[in-house]
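Colleague: Given the structure of chain A, go ahead and fit chains B and C onto it with the hints provided.
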Amino acid sequence: MNRNYIFLTILMLVLAGGTLFLSMNDEPDQIDPKVLLEEMIQPTRYVSTDQVAKMLIQGDPSLMLIDVRSEDDYSYYTLPGAVNIPLDSLLVNGNLSYLGMPGTKVVFVSNDDIKADQMWVLTKRLGYNSTYVLKGGINCWMQTIIEPQRPSDDAPAVDFETYTFRKGAQMYFTGAGSGESEATKVDVEVRRREKSNVAAGGC
Amino acid sequence: MGPLIPNGIIGEGWDFVIAILIGIAFGFILEASGFSSSRNLAGVFYGYNFVVLRVFFTALIVAMVGLMYFDYFGWLDLSKIFILPTYLGPMIVGGIIMGFGFIIGGYCPGTSFTGIAIGKLDALFFTVGLYLGIMGFSLAFPLFEGFYNSGSMGNITLTELTGIPAPYFAMAFTVVALAAFWGTMFIEKRVRKNMKQYKF
Amino acid sequence: MHIHELNPWRTLIALSIFVVVLIIGFITKPKPLFTYEKTIAESVSALSLSEDYVYPWELEDIIANKPDSIVLFDIRNNFVFGQGHIPGSENLAASVLSREENIDRMKKLRDMGVTVVLVGEDELHANGPWMFYRQVGFNNVKLLLGGYNYYFEHKDDLYSTIDDDAYFKGIARFDYAEMAAPKDGAALNSDDMSKPVQVQRRQKSNVAAGGC
Chain A
34 MNRNYIFLTI LMLVLAGGTL FLSMNDEPDQ IDPKVLLEEM IQPTRYVSTD QVAKMLIQGD
94 PSLMLIDVRS EDDYSYYTLP GAVNIPLDSL LVNGNLSYLG MPGTKVVFVS NDDIKADQMW
154 VLTKRLGYNS TYVLKGGINC WMQTIIEPQR PSDDAPAVDF ETYTFRKGAQ MYFTGAGSGE
214 SEATKVDVEV RRREKSNVAA GGC
Chain B
147 MGPLIPNGII GEGWDFVIAI LIGIAFGFIL EASGFSSSRN LAGVFYGYNF VVLRVFFTAL
207 IVAMVGLMYF DYFGWLDLSK IFILPTYLGP MIVGGIIMGF GFIIGGYCPG TSFTGIAIGK
267 LDALFFTVGL YLGIMGFSLA FPLFEGFYNS GSMGNITLTE LTGIPAPYFA MAFTVVALAA
327 FWGTMFIEKR VRKNMKQYKF
Chain C
717 MHIHELNPWR TLIALSIFVV VLIIGFITKP KPLFTYEKTI AESVSALSLS EDYVYPWELE
777 DIIANKPDSI VLFDIRNNFV FGQGHIPGSE NLAASVLSRE ENIDRMKKLR DMGVTVVLVG
837 EDELHANGPW MFYRQVGFNN VKLLLGGYNY YFEHKDDLYS TIDDDAYFKG IARFDYAEMA
897 APKDGAALNS DDMSKPVQVQ RRQKSNVAAG GC
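Protein chains in written order, with the numbering used here: chain A, 34 to 236; chain B, 147 to 346; chain C, 717 to 928.
Just chain A, with the same shape it has in the complex (with noise of 0.2 Å):
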């Protein structure tokens, strides 16, 4: 019967002493890489600046923008709403704990979009969900809800519906006048296929 014991007893101390040998790795969790690789050819991250001037106009309190550029970039000009992560120091002072917050969208901006594409993969190793990445940036920003360009009088009705919607914008972030409302004059026949959202374009 000791025998049995003492056997017991030296099998579980190196149970036991096994474990100190087991790689565990310290660093904070993150997603396997070949799921890593799957998310990432996958261009369903990108939302356009016309999504997100919609949210932002709708007061969606879903959303919620991180701008990944500089401190200083940020206090110059930023979008409204927007949480300053810059891109090397996500990892400080607990600034991850703005995103994996359930029933939010958090949309990553920067210049243009590389470094917020360069955010979402690290965010994405790190294994949050419901992270996106604004096409283009502020830059494509600028260019379709600051100053919109009026299409070209033989584009398409859906171009005009978007240009409509970024004038609309474009008096809600920046007060500008609304100029002659050439938009809703344009009565271009065309009967298309209603698209769920306004049509992305451009950058």
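No false leads were slipped in.
No more than 27 Å apart at the CA atoms, straight line, and that leaves these computed lysine-lysine pairs for DSSO-like:
id, chain 1, residue 1, chain 2, residue 2
1, C, K754, C, K823
2, C, K823, A, K67
3, A, K87, C, K885
4, C, K885, C, K754
5, C, K747, C, K823
6, B, K226, A, K67
7, C, K885, C, K871
8, C, K824, C, K747
9, A, K138, A, K67
10, C, K745, C, K824
11, A, K67, C, K754
12, C, K747, B, K226
13, A, K67, C, K745
14, C, K823, C, K782
15, C, K885, A, K138
16, C, K823, C, K745
17, C, K824, C, K754
18, C, K747, A, K67
19, A, K200, A, K138
20, B, K226, C, K745
21, C, K824, A, K67
22, A, K200, A, K87
23, C, K782, C, K871
24, C, K824, C, K782
25, B, K226, C, K754
26, B, K226, A, K138
27, A, K87, A, K138
Which chain A residues stay away from chain C? Per the calculated CB distances, all over 10 Å, these:
id, residue
28, Q91
29, K138
30, Y165
31, S185
32, D192
33, Y196
34, F198
In silico contact screen, one side only, chain B against chain A (beta carbon under 8 Å); selected entries:
id, residue
35, M214
36, Y218
37, P313
To be clear, the hints were calculated from the coordinates, so they are not data collected in a lab. Glycine residues also receive a C-beta, built at the ideal position from the N, C-alpha and C atoms.
Modeller: Chains B and C in isolation, oriented as in the chain A frame:
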């Protein structure tokens, strides 16, 4: 892979079914270990029977070491499992109260039900007292609500508190547990020698 | 004596099963296809290194000499690739990147010390795969700035793009604050925008407690 429900491998509605299955298994193990006898349980305090200590320490070290291996194999993500929040002061006081109840009554809440299951009268009385106690506690709860919620440390683990990696704790607990097995075996032998009659 | 105290065999059997389970675990432990070679912090700081990129004007030399040490992988899809591509580049669409044979190919190229240049539509298109390969230890993978679109616009005179900065990303192209300043004095939403940002942070999870 795991934990199964947070990772969506099993639907959330299944948690009660699983709870029942685990509950049945838990009750079975308690009864099979002899925990339905209050003499067995109280034996720890008088030094003639350490089966409670052995069973619980065995369960503890096997589960602890096993979970670490499972984490390593990728079967279970330890960072996703639920960790009971720690309330230091209230937990110490609660532990002392429970310990007294344990010695006086000879059961802990779970084992009293296994005692009822095999028809023990003392277990039945214990359970009645248990429910009366719960009711009394609930009625008097506003009196000590402040203390009940005091000293919250959040869902904290020893590793987070001390910074020492979990395997070292596992090793330390295993050594302590195994030492306790051997130590109590000798205590048991000496105490039982002086007992005229011992039955369960 | 209780029966179990006399019968350590049961404990032995149970523990043996436990050991067997652990052995199964060790045997079946999946060997990951990739592991992260860089930590998050290293990945962040690596993004500022300039030698991880290929500049469009460098293409001139690559196209002309076709060095063995450089492979161009075009990650656009098959159809667009067929419509036009950089001479000497190979098609490896993003959608098939995670296929085993392509991963093996990448590993082989890495072991041979060949530099792999990823070509996307633009820089953004190839950015994700490029970052991924960098993080899992393919230090031979580089990214073509500007992507195919920029190459296509300037393919007749690639060398002169050395002075062009249009393909550089991350630069503010406009004076944002001035451009977005309220016009016509109508500060319609200025209150709205200047109010301090209120954000929520995630709480540590505190699910209902269980007990014994």
